[in-house]
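Read off the chains here:
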Amino acid sequence: MTSPASSSEVKYLIESSEGNTFDVSGAALRQSNTFNAMFLNIGADGPIPFTDYNEATLKKVFEYCEHSVNEENYSGPKHQDDLSKWDLNFFNEMDQKMFIDVINASNFLDIERLTSYCCERIARMLRGKNTQEMIKVITLPTAEELEAKQKVEEKKAAAAKKVAEKAAETAEKTETLEELPVQQLVQTTRNKLTRKYLSFSNE
Amino acid sequence: MSPSFLEIPDLPMEMIMNNLDYLAIQCVRKTCWGLRNFIDDKKPEACMKQIEINEASDTAVRLTIILPSSVLPEHTYIDLRYEQHENGCRILRATSEGYTTKIVGNLNFLDAVFHDFNIALNTQKSLFEKLEKPFPTESMEIRGNSLEHSRQILQYADPKYLKKIDINAHEFTLISETVEFESSKNILNFSHFATAFIPLENLDVETIRAIKEVCLFVQMSIYQFFRTFFNSMSTISTCTSSIFSEKTCSPTLLKQLSSLLKRRGNFCFSMFLGIMKKSLSQKTGFTPPVRSQTPNFPRNLSPFPLLIYIALPVVPMEDILKNKSAGYPHSAYAYEKIFIIFSIPLNRIEVEDIGPSVRFLMDFPNDSSTSAASSRISLNYYKHEKGCNIRWTKSGSSGEKFTKGEDFMKAFLGHFKILFTHPNLPLREFYVRFSTKGSPAFPANLENVFKTTKTPIHAGALKISACNHEQVMKVLPYFSPTHLKFLCITAEHGQDMELKIEELVGTEQWKHATQIDMSNVDLSYFPFQHFEHFARAKICYGKFNMGSVNGIIQMFQSGSSMEKYLQVYPRKVPSVKQLTEAFGGGPVKTVKKEDTWYFEIPANSERVVQVKRDDYHLYFKYVGMAEVPEGAVIRA
Chain A
1 MTSPASSSEV KYLIESSEGN TFDVSGAALR QSNTFNAMFL NIGADGPIPF TDYNEATLKK
61 VFEYCEHSVN EENYSGPKHQ DDLSKWDLNF FNEMDQKMFI DVINASNFLD IERLTSYCCE
121 RIARMLRGKN TQEMIKVITL PTAEELEAKQ KVEEKKAAAA KKVAEKAAET AEKTETLEEL
181 PVQQLVQTTR NKLTRKYLSF SNE
Chain B
1 MSPSFLEIPD LPMEMIMNNL DYLAIQCVRK TCWGLRNFID DKKPEACMKQ IEINEASDTA
61 VRLTIILPSS VLPEHTYIDL RYEQHENGCR ILRATSEGYT TKIVGNLNFL DAVFHDFNIA
121 LNTQKSLFEK LEKPFPTESM EIRGNSLEHS RQILQYADPK YLKKIDINAH EFTLISETVE
181 FESSKNILNF SHFATAFIPL ENLDVETIRA IKEVCLFVQM SIYQFFRTFF NSMSTISTCT
241 SSIFSEKTCS PTLLKQLSSL LKRRGNFCFS MFLGIMKKSL SQKTGFTPPV RSQTPNFPRN
301 LSPFPLLIYI ALPVVPMEDI LKNKSAGYPH SAYAYEKIFI IFSIPLNRIE VEDIGPSVRF
361 LMDFPNDSST SAASSRISLN YYKHEKGCNI RWTKSGSSGE KFTKGEDFMK AFLGHFKILF
421 THPNLPLREF YVRFSTKGSP AFPANLENVF KTTKTPIHAG ALKISACNHE QVMKVLPYFS
481 PTHLKFLCIT AEHGQDMELK IEELVGTEQW KHATQIDMSN VDLSYFPFQH FEHFARAKIC
541 YGKFNMGSVN GIIQMFQSGS SMEKYLQVYP RKVPSVKQLT EAFGGGPVKT VKKEDTWYFE
601 IPANSERVVQ VKRDDYHLYF KYVGMAEVPE GAVIRA
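Protein chains in written order, with the UniProt record's numbering: chain A, 1 to 203; chain B, 1 to 636.
Just chain A, same shape as in the assembly (with noise of 0.2 Å):
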């Protein structure tokens, strides 16, 4: 399906958290750090799995790649007033998940123009504002919120704690018996049928 060091013509296949897969340029996805860093030398056989990231997230992100393919010469982040109107609908389409998500995405892909972008735009956003117009920007859980997120992560934790409990009782168990000697097994399975025999005979 792939082949190293291709042209910009050959494609890859992305997966996503979904486990859909979708198909990306070489060249979009050589903007990706993290991309050019694992798969750009030796290849990779199969979709690529980029497991974290939803398919709708992806998608935004490379749609983004595939359009700055031609923008060689990227020089840090654009002012509002220079970003283009393909850029400003880019970023407009997103609602507030989407574009942390992007960032997230944008941020473990390692591409450097997108992140800057991004950030630069949440700056924009969060200059000239007092605190509480910040709080909004930013949009801080609320305290039922925080509470809610702390039960959940409780009770995962509580949840997690029970598993690996077992685990290592499991583990203590089968240890106890594969290290026991053979002749100390046979006496201690004696000892219980002859309890048994006794109470058995004593009844």
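These are calculated hints, taken from the structure and not from any lab test.
Since the model is a prediction, treat every value here as computed from it, not as a measurement.
Every residue, glycine too, gets a C-beta built ideally from N, C-alpha and C.
Any given hint could be a false lead.
Only pairs whose alpha carbons sit at most 25 Å apart, straight line, appear in this in silico DSS-like list of lysine-lysine [said to hold, decoys possible]:
hint, chain 1, residue 1, chain 2, residue 2
1, B, Lys43, A, Lys129
2, B, Lys43, A, Lys136
3, B, Lys30, A, Lys149
4, B, Lys511, B, Lys401
Facing chain A, from chain B, some residues (calculated, C-beta under 8 Å) [what the hints assert, rightly or not]:
hint, residue
5, Phe5
6, Ile8
7, Pro9
8, Ile16
9, Asn19
10, Val28
11, Cys32
12, Trp33
13, Thr59
14, Ala60
15, Asp79
Could you slot chain B onto chain A? The hints should help.
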């Protein structure tokens, strides 16, 4: 749960913060603990251009943070003023976007300042273009009155980045504290600087030579220093030459001079004095300029009130006292020059040795712009068991200064010498008193000061109150006979002072004086002829008899000048009867208890000699014939 920007990883979050200005970062910092910790930990780029911290007063400090205009709109700043408040601290916050005031209870204003200042320094990661407090900075600018404070702050500047050090006093005149800079021996200490601007107050040839050698050796540049020096000198030179050569001076030039002297302080002041001195010596040969020589000057443009105005506030007498420990301080030097070069006419100087203290008073002419109180400086030097105590009064204010280990007499003589080591403008009056309780060494010490004067002292009137003839002769010969018009000699012991006639009348001062007042010294043994040249004389004759009266009348009758007035204070005034019998004929009553006689003058038929008597005096003077009452007898 709605998505939050807090979910953004650290790296993009730092990029976001780096795109924010200082104000925005401080607002973000207040939103939540997570972001506050993040900002404190990462110290994002706040892009501060300049921090200024000024101690406005004991209860107020100003902290100003200036942000670069390249990223933000121009003139973006935060100006915080922290003031002590009865409940805590009042913070006045002015930014480019608005103005707020808040009072924080139970908070010391200094704690608030340093808290915010600490945050500002900790937030800064980039290099300051200018900083007034320690940190990595390219330029360190410290304004204070103490070099020690400057040194304390300077040591925190990171030498890795520091390119420029600018240490200045609040007022230029106070830079004289940096006296060690003036030493040419230390010039080499500056040799590593590419450009140095060192204000040297007293630039001498030796210093210039040392600077030149250093410049040649290390190729450094002190052009700015020289440029400033010569620019100032050029302006001053233009002003002085205009004042003295053309006898007129444009208001613009005077304003320029005034502002220059006020702005540059002692540095230009001493230059100005030097040029004035040179101009005077060249143009007038030290003949002091007086107001009458510049009649064309409108009063408000006359240089002399201006100079008085400039000079007196710059170096008041108490400055001399303050700096006296340094020997002859610069201010004292300047003060000396005021009298000599500016030649401010002094009305009166009084020196009194009254036992364990000396009184020294200077009376300035009463200018319309100043009150009577402001034109007088009075200094009293008291003997103290551990030194000298000086009480001064000036401009309605007064003060006291104690100098440990210094003799009060020496302290006085030091100040007195300042006035008389160079030629002076004519005083209106000089009064010296040697009291009976005074120090025996005082007259000799005073004479030593007079001996150091290059030219005789110019005074219109000289009043000496002495105990003996020697004390009179310690003073009288040192006054310029050409200026001395009025001589007054009084005895401290009443009338009992023996004057040596020959020595006294042999002095030029006696010969040239036109008025004399010796009404307090018994001159019974003085021949009348010695008073012949005086136009007005008040003399005391203890043993006054009719022969004396006739002698005086004959002196008047034979006199060549018709301007003469003699008032005689006899111990016992001859009675009317005695006089009438001696003169022949009855007296002419003009005033009650006063008798008048007239005597003709052989050489002048239009005037007569009038002799008047009252209970205490006898008066002799010329009057016109018209003043002689009808029926009065004119005796031959």
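Against the structure, the hints come out as follows:
1. Lys43(B) / Lys129(A): Roughly 20 Å between the alpha carbons, so the hint for Lys43(B) and Lys129(A) holds.
2. Lys43(B) / Lys136(A): holds (23 Å)
3. Lys30(B) / Lys149(A): holds (23 Å)
4. Lys511(B) / Lys401(B): violated (43 Å)
5. Phe5: Status holds, d = 5 Å.
6. Ile8: At about 6 Å, which falls below the 8 Å cut-off, the nearest Cβ of chain A leaves the hint on Ile8(B) intact, so it holds.
7. Pro9: Hint on Pro9(B): holds, closest Cβ of chain A at ~5 Å, below 8 Å.
8. Ile16: Holds - the Cβ of Ile16(B) comes within 8 Å of chain A, reaching about 5 Å at its closest.
9. Asn19: holds (3 Å)
10. Val28: Hint on Val28(B): holds, closest Cβ of chain A at ~6 Å, below 8 Å.
11. Cys32: Since chain A brings a Cβ to about 6 Å from Cys32(B), closer than 8 Å, the hint holds.
12. Trp33: At about 11 Å, which exceeds the 8 Å cut-off, the nearest Cβ of chain A leaves the hint on Trp33(B) violated.
13. Thr59: Given a least distance of 29 Å, the restraint on Thr59(B) is violated.
14. Ala60: violated (26 Å)
15. Asp79: violated (18 Å)
Violated hints for the displayed structure, listed by number in ascending order: 4, 12, 13, 14, 15.
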